[in-house]
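Peer 1: Guided by the hints, dock chain B onto chain A, whose structure is given.
Chains A and B supply the protein sequences, listed in that same order.
If you're matching positions, the first sequence starts at 82 in the working numbering and goes up one per residue.
If you're matching positions, the second sequence starts at 82 in the working numbering and goes up one per residue.
For the record, the hints were derived by calculation from the structure and aren't laboratory data.
Honestly, I wouldn't trust all of these hints.
Since copy identity is lost for identical chains, a pair holds within one copy or between any two.
Keeping only pairs whose Cα atoms sit at most 30 Å apart, straight-line, the calculated DSBU-like set for lysine-lysine is [what the hints assert, rightly or not]:
1) K153 x K336
2) K336 x K379
3) K117 x K431
4) K285 x K161
5) K410 x K153
6) K379 x K161
7) K386 x K90
8) K204 x K410
9) K410 x K278
10) K161 x K391
11) K185 x K394
12) K391 x K185
13) K410 x K265
14) K228 x K403
15) K117 x K90
16) K161 x K386
17) K265 x K278
18) K431 x K246
19) K265 x K386
20) K410 x K272
21) K410 x K161
22) K207 x K153
23) K379 x K90
2 protein chains.
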Amino acid sequence: MRFECNRTKMEESINIVLKAIPVRTTMPVLECMVVKAVNGVITLTTNDMNLGIETSFDADVAEDGIVLVNAKMLSDVVRKFDSDEFHFAADDEYRITLTSGSSKFHLSGIDSDEFPMLPQMDKNHKITISQMTLRDMINQTIFSISKNENNKIITGELFEITGDKFMIASLDLHRVSQRIVRLKESYDNTKVVIPGKALTELSKILQGGVDDEMEIYFSENHALFEFDRTILITQLIEGNYYNVDQMMSNEYETKVTINRMEFYNSLDRSTLLNRESENQPIVLHINDQDLNLDMNTKMGSMNDKISITKEGKDLDISFSSKYLMDVLKVLDLEEVTMYLVNSRSPVFIKDDETYNYLILPISMQG
Amino acid sequence: MRFECNRTKMEESINIVLKAIPVRTTMPVLECMVVKAVNGVITLTTNDMNLGIETSFDADVAEDGIVLVNAKMLSDVVRKFDSDEFHFAADDEYRITLTSGSSKFHLSGIDSDEFPMLPQMDKNHKITISQMTLRDMINQTIFSISKNENNKIITGELFEITGDKFMIASLDLHRVSQRIVRLKESYDNTKVVIPGKALTELSKILQGGVDDEMEIYFSENHALFEFDRTILITQLIEGNYYNVDQMMSNEYETKVTINRMEFYNSLDRSTLLNRESENQPIVLHINDQDLNLDMNTKMGSMNDKISITKEGKDLDISFSSKYLMDVLKVLDLEEVTMYLVNSRSPVFIKDDETYNYLILPISMQG
Chain A
82 MRFECNRTKM
92 EESINIVLKA
102 IPVRTTMPVL
112 ECMVVKAVNG
122 VITLTTNDMN
132 LGIETSFDAD
142 VAEDGIVLVN
152 AKMLSDVVRK
162 FDSDEFHFAA
172 DDEYRITLTS
182 GSSKFHLSGI
192 DSDEFPMLPQ
202 MDKNHKITIS
212 QMTLRDMINQ
222 TIFSISKNEN
232 NKIITGELFE
242 ITGDKFMIAS
252 LDLHRVSQRI
262 VRLKESYDNT
272 KVVIPGKALT
282 ELSKILQGGV
292 DDEMEIYFSE
302 NHALFEFDRT
312 ILITQLIEGN
322 YYNVDQMMSN
332 EYETKVTINR
342 MEFYNSLDRS
352 TLLNRESENQ
362 PIVLHINDQD
372 LNLDMNTKMG
382 SMNDKISITK
392 EGKDLDISFS
402 SKYLMDVLKV
412 LDLEEVTMYL
422 VNSRSPVFIK
432 DDETYNYLIL
442 PISMQG
Chain B
82 MRFECNRTKM
92 EESINIVLKA
102 IPVRTTMPVL
112 ECMVVKAVNG
122 VITLTTNDMN
132 LGIETSFDAD
142 VAEDGIVLVN
152 AKMLSDVVRK
162 FDSDEFHFAA
172 DDEYRITLTS
182 GSSKFHLSGI
192 DSDEFPMLPQ
202 MDKNHKITIS
212 QMTLRDMINQ
222 TIFSISKNEN
232 NKIITGELFE
242 ITGDKFMIAS
252 LDLHRVSQRI
262 VRLKESYDNT
272 KVVIPGKALT
282 ELSKILQGGV
292 DDEMEIYFSE
302 NHALFEFDRT
312 ILITQLIEGN
322 YYNVDQMMSN
332 EYETKVTINR
342 MEFYNSLDRS
352 TLLNRESENQ
362 PIVLHINDQD
372 LNLDMNTKMG
382 SMNDKISITK
392 EGKDLDISFS
402 SKYLMDVLKV
412 LDLEEVTMYL
422 VNSRSPVFIK
432 DDETYNYLIL
442 PISMQG
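Chain A extracted, bound-state conformation (with noise of 0.2 Å):
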């Protein structure tokens, strides 16, 4: 086989792939990536047996033929060519050879047909969104699924698709996030649990804009998502995802409307406080104009004071700053609005056609 290329084609069409690349396998044609040319397409193919990555673009192609490749090696060679022009051979014995300008490589291959083929999905059952939209909806939420192997489930990211809305969400023992969005169209009701893994590296990948659009299909074992000329395709958890809408709430005593990167700000400040592995939490003293913030450990205290609107009754409630801080970061917006009840139940930070949180709140001495 024999190709000719652009160079920075071949390394972010690389990049793409490199994502499903595990970091330490037992099984080394896994860190390898098929490399097959036909028909004046190149396509780069990785697997790691829960994801799989495929993106193709078109190239001078000489010869068709198809090879596996050390896939880190592939990539750093190509990255540090200094020449536009990339040229890539291999022959039967699969020797391979990398040449760019004035530089040559050789490199062993390895016949192809050792490698694990991603699987083939029927297509019947999809839904089309643009791609930002979904790259914003995993970044808002990703962040509290939990680390957990012990409860599979909730290592993966809820997708639900009712008629025309469709919702994300993710939880931990503390906290619950969720993103909804209205589709252009209705669409048959799902449900399935995609791994916090797969989403991860998708939202790496996911370049387009709000106006690109991209499919996902989903099949009883497998979600693929389909943008440009790649695909993602990963198997789903199996099992039942808790019921998110029922433990979200609409009942209030208090309103708390805050600048976003103030609160961010003083929140992260108090984590200086909890060195040492100590993980004292931060004291919010909600009164008519202020926010009052108080962290004591013994490396020392800090006392904040934020202005706020602020709605029905005073409250003092403790909340650990990482579980605040995690909401805040990811809310692109100037203020955001906080809804509470009592110190010990949950306060929600949610605009209700769009996303929900909660937060537990950790329960004060005395």
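Peer 2: Structure of chain B alone, referenced to chain A:
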């Protein structure tokens, strides 16, 4: 004690003295910095017992005083404040209050009597040099100091003044680096060895341009670098340094002029083949118009070709790619010239008036 100043000025000054805070220490007091306010001047001091740094700036001092405070904590709090103003107060029991905007921190300070103050040095013996020149000289030689603490003398750099000639040199088992400048005046002959760690930190805080001068003072056991309103004082390494000039040579059989970045990029690519702790050399084949670079490892092979201007004999010689790259990286030149004798003799990359690098070849089999 109480003072007010611009928060950014405080942050910049802290960043200077932080360079002498040890990463690990069994003496917690060395993790502190001295904050002194006297007559409208704030002085910050740190000392890791080998290296001490002190910097001053003007501020609005309401009450003179001196206190010790954990350096990392003070640095983090000042950096994370988001207002421009900064207010520092300490009471008689060393309780410290830091205020900026509507945020307030309370930390516990320590009596400054517990701190090892910087040694006093007589300032008879000095040179004057441009800050930028000294920074460049350090950066262009420091990479070849030895990390081997068993041969302490070569973990530092030689500073040698002979009349108006100022030479800095470092060496390890495989190479020698030498930078020379002419000073504006002549000084007493001096030969001292300065610890690599002190020079690394000094080069990070030397911000001045070519016209900003600084003084270096030498005593029997210390060197003191003074610039702007900062001093850095370091112990010297005792012992006799090697005779560096004797290692250099002006004889050659082959002289090669080559584009620096082309050469660097090719060597950089060759390192991709040296994974899994292999340490294969790169073989240079010097012909009339080209340098051919060959590398051969378990991972694969590379053949590059670069146009050169050559005088003298053809030559095949092998080197560690890394040692050649270290020199090429720091020389800010379009082209470099190499002088060689045979495959068992060192290469010299040099310009007699300003720099001279020696690298030993790796002997080739056969």
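Peer 1: Work down the list of hints and note, for each, if the structure agrees.
Peer 2: Now for the hints, and whether the structure bears them out:
no. : hint        : verdict
1   : K153 x K336 : neither (52 Å within a copy, 38 Å between copies)
2   : K336 x K379 : neither (32 Å within a copy, 66 Å between copies)
3   : K117 x K431 : neither (48 Å within a copy, 48 Å between copies)
4   : K285 x K161 : both (22 Å within a copy, 29 Å between copies)
5   : K410 x K153 : between (33 Å within a copy, 25 Å between copies)
6   : K379 x K161 : between (50 Å within a copy, 19 Å between copies)
7   : K386 x K90  : between (52 Å within a copy, 24 Å between copies)
8   : K204 x K410 : neither (36 Å within a copy, 53 Å between copies)
9   : K410 x K278 : within (20 Å within a copy, 38 Å between copies)
10  : K161 x K391 : between (57 Å within a copy, 27 Å between copies)
11  : K185 x K394 : between (73 Å within a copy, 26 Å between copies)
12  : K391 x K185 : between (68 Å within a copy, 23 Å between copies)
13  : K410 x K265 : within (28 Å within a copy, 55 Å between copies)
14  : K228 x K403 : within (16 Å within a copy, 40 Å between copies)
15  : K117 x K90  : within (15 Å within a copy, 58 Å between copies)
16  : K161 x K386 : between (52 Å within a copy, 15 Å between copies)
17  : K265 x K278 : within (28 Å within a copy, 62 Å between copies)
18  : K431 x K246 : within (17 Å within a copy, 70 Å between copies)
19  : K265 x K386 : neither (44 Å within a copy, 57 Å between copies)
20  : K410 x K272 : within (28 Å within a copy, 55 Å between copies)
21  : K410 x K161 : between (35 Å within a copy, 16 Å between copies)
22  : K207 x K153 : neither (33 Å within a copy, 53 Å between copies)
23  : K379 x K90  : between (54 Å within a copy, 28 Å between copies)
Hint compliance for this structure: hints 1, 2, 3, 8, 19 and 22 are not met, and every other hint is.
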